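Trainee: In order, the protein sequence lines correspond to chains A and B.
Residue numbers in the first sequence follow the numbering used here, run continuously in steps of one, and reach 351 at the last position.
Residue numbers in the second sequence follow the numbering used here, run continuously in steps of one, and reach 351 at the last position.
It is possible that part of the hints are untrue.
[What the hints assert, rightly or not] Straight-line alpha carbon distances no greater than 20 angstroms define the calculated SDA-like cross-link-like pairs of lysine to any residue that follow: (1) A:Lys28 / B:Pro60; (2) B:Lys25 / B:Pro300; (3) B:Lys348 / B:Pro300; (4) A:Lys22 / B:Pro60; (5) B:Lys25 / A:Asp53; (6) A:Lys28 / B:Lys28; (7) A:Lys22 / B:Asp63; (8) B:Lys28 / A:Lys348; (9) A:Lys22 / B:Lys348; (10) A:Lys348 / A:Arg263; (11) B:Lys28 / A:Arg56.
Treat the hints as calculated values from the structure; they're not laboratory data.
Since this is a predicted model, take the numbers as computed values, not measurements.
Number of protein chains: 2
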Amino acid sequence: MSQFWSDLVHRLTPYVPGEQPKMDKLVKLNTNESPYGPSPLAIAAVAAAAGNDLRRYPDPNADALKRTLADYHGLAPDQVFVGNGSDEVLAHAFAGLLKHDAPLLFPDITYSFYPVYCGLYDVAFRAVPLDAQFGIDLDDYTGAAGAIIFPNPNAPTGCLLPTADIARLLDAQAGIPVLVDEAYIDYGGDSAVALIARHPNLLVTRTFSKSRALAGLRVGYALGHPALIEGLERIKNSFNSYPLGRPAQAGAIASVADEAHFRSSCAKVIATREALRAALTGLGFEVPPSAANFIFARHPAHAGADLAAALRARAIIVRHFRQPRIEDFLRITIGTDEECRQLVDALKAIV
Amino acid sequence: MSQFWSDLVHRLTPYVPGEQPKMDKLVKLNTNESPYGPSPLAIAAVAAAAGNDLRRYPDPNADALKRTLADYHGLAPDQVFVGNGSDEVLAHAFAGLLKHDAPLLFPDITYSFYPVYCGLYDVAFRAVPLDAQFGIDLDDYTGAAGAIIFPNPNAPTGCLLPTADIARLLDAQAGIPVLVDEAYIDYGGDSAVALIARHPNLLVTRTFSKSRALAGLRVGYALGHPALIEGLERIKNSFNSYPLGRPAQAGAIASVADEAHFRSSCAKVIATREALRAALTGLGFEVPPSAANFIFARHPAHAGADLAAALRARAIIVRHFRQPRIEDFLRITIGTDEECRQLVDALKAIV
Numbered sequence: 001m002s003q004f005w006s007d008l009v010h011r012l013t014p015y016v017p018g019e020q021p022k023m024d025k026l027v028k029l030n031t032n033e034s035p036y037g038p039s040p041l042a043i044a045a046v047a048a049a050a051g052n053d054l055r056r057y058p059d060p061n062a063d064a065l066k067r068t069l070a071d072y073h074g075l076a077p078d079q080v081f082v083g084n085g086s087d088e089v090l091a092h093a094f095a096g097l098l099k100h101d102a103p104l105l106f107p108d109i110t111y112s113f114y115p116v117y118c119g120l121y122d123v124a125f126r127a128v129p130l131d132a133q134f135g136i137d138l139d140d141y142t143g144a145a146g147a148i149i150f151p152n153p154n155a156p157t158g159c160l161l162p163t164a165d166i167a168r169l170l171d172a173q174a175g176i177p178v179l180v181d182e183a184y185i186d187y188g189g190d191s192a193v194a195l196i197a198r199h200p201n202l203l204v205t206r207t208f209s210k211s212r213a214l215a216g217l218r219v220g221y222a223l224g225h226p227a228l229i230e231g232l233e234r235i236k237n238s239f240n241s242y243p244l245g246r247p248a249q250a251g252a253i254a255s256v257a258d259e260a261h262f263r264s265s266c267a268k269v270i271a272t273r274e275a276l277r278a279a280l281t282g283l284g285f286e287v288p289p290s291a292a293n294f295i296f297a298r299h300p301a302h303a304g305a306d307l308a309a310a311l312r313a314r315a316i317i318v319r320h321f322r323q324p325r326i327e328d329f330l331r332i333t334i335g336t337d338e339e340c341r342q343l344v345d346a347l348k349a350i351v
Numbered sequence: 001m002s003q004f005w006s007d008l009v010h011r012l013t014p015y016v017p018g019e020q021p022k023m024d025k026l027v028k029l030n031t032n033e034s035p036y037g038p039s040p041l042a043i044a045a046v047a048a049a050a051g052n053d054l055r056r057y058p059d060p061n062a063d064a065l066k067r068t069l070a071d072y073h074g075l076a077p078d079q080v081f082v083g084n085g086s087d088e089v090l091a092h093a094f095a096g097l098l099k100h101d102a103p104l105l106f107p108d109i110t111y112s113f114y115p116v117y118c119g120l121y122d123v124a125f126r127a128v129p130l131d132a133q134f135g136i137d138l139d140d141y142t143g144a145a146g147a148i149i150f151p152n153p154n155a156p157t158g159c160l161l162p163t164a165d166i167a168r169l170l171d172a173q174a175g176i177p178v179l180v181d182e183a184y185i186d187y188g189g190d191s192a193v194a195l196i197a198r199h200p201n202l203l204v205t206r207t208f209s210k211s212r213a214l215a216g217l218r219v220g221y222a223l224g225h226p227a228l229i230e231g232l233e234r235i236k237n238s239f240n241s242y243p244l245g246r247p248a249q250a251g252a253i254a255s256v257a258d259e260a261h262f263r264s265s266c267a268k269v270i271a272t273r274e275a276l277r278a279a280l281t282g283l284g285f286e287v288p289p290s291a292a293n294f295i296f297a298r299h300p301a302h303a304g305a306d307l308a309a310a311l312r313a314r315a316i317i318v319r320h321f322r323q324p325r326i327e328d329f330l331r332i333t334i335g336t337d338e339e340c341r342q343l344v345d346a347l348k349a350i351v
């Protein structure tokens, strides 16, 4: 507490990210990073950006990166917004597109940064309970609302919605912005990007931190109608002209060029995920289907906090949320086959 | 205009950064970049960060960078805040420290992002006119206020305030935050950092984009009492957990280790600045003393807009502000000796 803080600071409850421990020899399955490295083209592009040109500001509009992403998704550059990780993109969306008189709707169990953004920008919201199977029922989102946001697949559950259901919601709520947060869509889901052409109220956000294995570079983006993108640009240009440095822009562009690396990394994660689900189910865990690079699992005989602590004692870190309804679940990032084998061995010993 | 925008977006007037032209063979003296490259140690550190570890999130708290900066400035790590360029640091300060019921005070002629931040965060402000010599008179800042911000040296004028005057203001306004924006302090000014120990209301911001020649990496920071830093951290952790990527953290740390490169770059800029001032004065320009890596110059017989256009026709870009009181001035970044020679030759031909 300080007399020098604004009222806002006194009111805030900041987000707590997953731990980034500074120990080696850890099996780190807590922040949904890729177990495989980024494209060698991306690494080479970041290295090539390490030169005298670092003295120059980057392109404030990241035009080359926007063109690259537009081409990749079959859109125009003015349908692309880029930011310093998708968290920054989401923050600008909360300020610029999701704040209205009527409440923003999002699931009660979802990315826990959403209510934090609402605190930062004073956005009225209503948390909509997931159904009994931890699924999002989009029929719950058709009432009075100022805007809607949900991840697809949802986090931390991994549950996927079909795009046909999303299209119906976009029609039912055609007068308000609907943000589909596709941080994890590359692990088996159909993207809502295909709906952008017919739905000017749809914004889709993406990240380079998961399927493109560039969490260390901080690049995220949003796709949607040019009017939605312009709203984000106006916020961004009132906040920070140059959110993406030269290494980040160069690395992201090169990553998109390496479709083979991207596809093979995603395919390996999906294969490991299904093997891990089977193994944990065999140990008595309940593991709902996941379309993400993590699974959400609980054991009927063991509290989630106890399991997380027992794993930590074995130098394996997973994410555990002390939150009603999900306190007995672990969110386990899909690692390499070897890391997942160590996890299964440890859980075998624990349960 | 869009029905999907929040009220805020409709109200905003975004900042317009200096142009980043995509042409080669340009003498680019418009955005106050260093004419010399960053430290070779910083370049090597960025290159070394280009590897498989990019798949991992960076340290969200940038502890190693904070320790490095704390040691460099003789402070503790909890007196250091880091952000994605000093623009992001300033944005968080406007939201978290400079917004109060009473108006924020800043000079009428100064960094033109300040009123934009006020628009973004709905901060009440009063612009205090510079004196007739374009100086800041701190006696004008001792009345009722919620907070105070000014650059030292000021931009785009280059005028420097002595730290003794700043110390007096900090005493006179001990109950409110005072932010001294030291983006350009390394070019001949005494820093207010020495005042932090005795003034818990002082926040000093710095950037790696000017004197450390790392504009392309996006790193800025703030120094002050731990309570001020905590206020910034609470905003940051409600906005984006990971503002600085791995290459940025590594490059900034390495830059601070190369004091010799830093000092020699600054000394060369200062020497070129004084030679350029003398040359332009010889051409009939009025050029107030500058403690920055730019000069602010006008010619009694030529309109600023005409001079800027004539220079542009010769592939030399400087910054011109269409703003009352200063529309006849050019803000000219100090380039290499050769770039400044080309500028002087061009102005000789024009005037």
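Trainee: Determine for every hint whether it applies to the structure shown.
Mentor: Okay, the hints, checked on the actual structure:
| no. | hint | result |
| --- | --- | --- |
| 1 | A:Lys28 / B:Pro60 | holds, 16 angstroms |
| 2 | B:Lys25 / B:Pro300 | violated, 30 angstroms |
| 3 | B:Lys348 / B:Pro300 | holds, 14 angstroms |
| 4 | A:Lys22 / B:Pro60 | holds, 12 angstroms |
| 5 | B:Lys25 / A:Asp53 | holds, 14 angstroms |
| 6 | A:Lys28 / B:Lys28 | violated, 46 angstroms |
| 7 | A:Lys22 / B:Asp63 | holds, 11 angstroms |
| 8 | B:Lys28 / A:Lys348 | violated, 64 angstroms |
| 9 | A:Lys22 / B:Lys348 | violated, 59 angstroms |
| 10 | A:Lys348 / A:Arg263 | violated, 32 angstroms |
| 11 | B:Lys28 / A:Arg56 | holds, 10 angstroms |
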